[in-house]
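Just so you know, the protein sequences line up as chains A and B, in that order.
Taken in order, the first sequence gives residues 1 to 425; the numbers are from the working numbering.
Taken in order, the second sequence gives residues 1 to 302; the numbers are from the working numbering.
Keep in mind the hints are simulated off the structure, nothing from the lab.
Please note: incorrect hints may appear among the correct ones.
Which bits of chain B does chain A cover? Going by a derived footprint, with three or more residues having C-beta under 8 Å, they are [to be verified]:
#1 84-93
#2 110-122
#3 188-197
#4 249-259
Anything over 10 Å on all C-beta distances counts as not near chain B; from chain A, calculated [claimed, not checked]:
#5 R199
#6 G249
#7 F318
#8 E337
With the Cβ distance kept under 10 Å, some of the chain B side facing chain A (calculated, not the full set) [as the list claims (entries may be wrong)]:
#9 R13
#10 A107
#11 D128
#12 G129
#13 A163
#14 H164
#15 R169
#16 Q213
#17 N214
#18 D216
In this text, a Cβ means the ideal position worked out from N, Cα and C, and glycines have one as well.
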Amino acid sequence: MALVIRNGRVIDPASQTDRVADVRISGGKIAEVGTNLSAPGAEVFDASGMVVAPGLIDMHVHLREPGFEHAETIESGSRAAAAGGFTSICCMPNTKPINDSATVTSYIVERARRLAAVNVFPIGAITKGSGGEELAAIGAMKAAGAVAVSDDGQPVMNSRVMRRAMEFARSYGLPVIDHCEDLHLSAGGDMHEGRLSVRWGLRGIPAASEDVMVARDLVLAELTGARYHVAHISTRNAVAMVEYARRQGLAVTCEATPHHFSIIDEQMLPYDSNYKMKPPLRGECDRGAVVDGIVAGTVSAIATDHAPHAGSEKMQEFERCPFGIIGLETALALALEMLVHSGKITLNRMIELFTTGPEAVMRLGRGTLAPGVAGDVTIFSTDASWTYDVNQSQSRSRNSPFHGRTFRGGPVATIVNGDIVWRKA
Amino acid sequence: MPAGLLGIEELDRGAIEAILSRAKDFQPLQSQSLKKLDTLRGKMIVNLFYEASTRTRTSFEIAAKRMGADAVSITASASSVSKGESLVDTLNTLAAMRPDAIVMRHAASGAPHFLAQHLPTPIINAGDGTHEHPTQALLDARTILDRRATLEGLRVAIIGDIAHSRVARSNVHLLSKFGAEIVLCGPASLLPRELEQLAAGVRLTTDIREAIQNADVIMMLRVQLERQHEASFPANEYFQFYGLRLEHLDLAKPDAIVMHPGPINRGRELSSEVADFQRSVILNQVENGIAVRMAVLEQVIG
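All chains should be modelled from the sequences, with the hints used to inform the complete structure.
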């Protein structure tokens, strides 16, 4: 069925569009953008006063299926994505079993096709079992639908293995995404190493553990010519090094999470595991550098690192709690608040960070409202006030530090392949 | 949150003074033949120790009994921890038995703070990980004040594995609130720079002689090998650089006292001569532990 989105402020960075217009979707694809479009019999969505953007892409989520369905499933995670305005999500391979083979990749693709509310694109593991030693079946996973490789959460410590992975991934045209953490420097750490870790008697994760790994990877990216992407960048030095590499012309990109550009360790509630994630919430100087990197264009994507954990897993001694927070439903609102309303970047630039930015890395063939492209559209408000209630989350998990926070602006409706899959109640 | 005692950091001077002064009232009791009061008669205290401890657990038990309360002690190995029960479930089970307070030691920093958010029972922190050990700082302050009129302006050297020491953190908070000068000293890898920001009046040095210079109080810490997750320092040369020996005491004030939270390792953090030195107050600390814990129990559940 056809759908016309009327009178919204259509912002499509890819075509440099920013005007009040209608968007017509037909046959699941964008048909045209224009004023007073005629569409007899089409469903009409009145987007007056709202922004109409290409469907947002989150290139870094954890859907926990297969293996950890008590915390999240492809279905529940994709519903959370839809409620957050995302039409496409890329899921990391740290499931059980690890997505290191075409079999697991195909399983995810098939489950998503049947159950997911949004488009789901799997990311394959770099090494078998993400064990860091033997390369996974990268080519076969690509053939089965994998769009990138990463050993997210269990970074490849062996530099020789990482070099081979980059060479191999390059030959298949896949980007290598690294969770940059020198596991020896961060061993046993629970939060950012700084004033508060010392005060609270918690072991620290030094910024240096990220910096060291980013430095190594950039050297290897130069050596191999691979497309290389830094996941959830969080330190001042890492941003500076990525900026340097990009200036040298390397095919290097990085993403920032909403929590890393929004809050810092000093805002943590003591021993509250909803503030425990990797990389940890850093200091103000690091947060500021991430924001500056977004402003300068060094950071080209916002990604949530949505990491659901069941309540019982997070209701433990801080040092025993797993790392990670959910983030799909608060990402757009945090970006509006911290980046746009604060005057750091324009609305157009923010939409780039959610669309063309991740698209350039993942090459999903989406992220624009050009005619013929999949009919993925996100409609959002920039000023409606709302309060996040994590207990109403579409996710199976509740681990968010943003519960109870009031936002200005957020998703209103999410359209995937021409269907309205979510609209604000 | 029920009123317990989680740490020194959140207490103000008045609250600390009240406990110290009440502890003074209980001191004479320790040398009487009849030592028992009935202030807390009918009250039930659970001592839940997730980490091995002889002196602190015994001290809390004796303190409870001298106040007339009933005390039950549970050690982790003998409880359902070994059956895989989570901390919250264990504590909820205990809380359902309606004790008046739970005294808890745990290897995870913040464990009692986390539980205090979810339990109706007051929790007294008997040491959490590398974070705080509030009753140790209180008994240390009581011990110093038995020999000095005030903490203000005193020079206190705390020497050893500061990074992993909850005793050091609690003492820093307490001493700082009363205007003492605190020098923290230890091997560089056990002395994170950020300690300087823990409280006002804190200075760091890796030189034991500099730390002891003109000190009124020398607090030695135990080398906590069980908390060393890595080889942070060459253990075989520790005593050579950070062990307290008699000749060091010449650098301190003539009436300086030597303290240690115990258990002491003769020949590792202090020489045997120093342990038996006449101005070593290690056993007074142990004795004051009971009086201070009586005062804390009375304040929390009395």
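Violated constraints from the hint list, given by number and in increasing order: 4, 5, 7, 9, 16, 17 and 18
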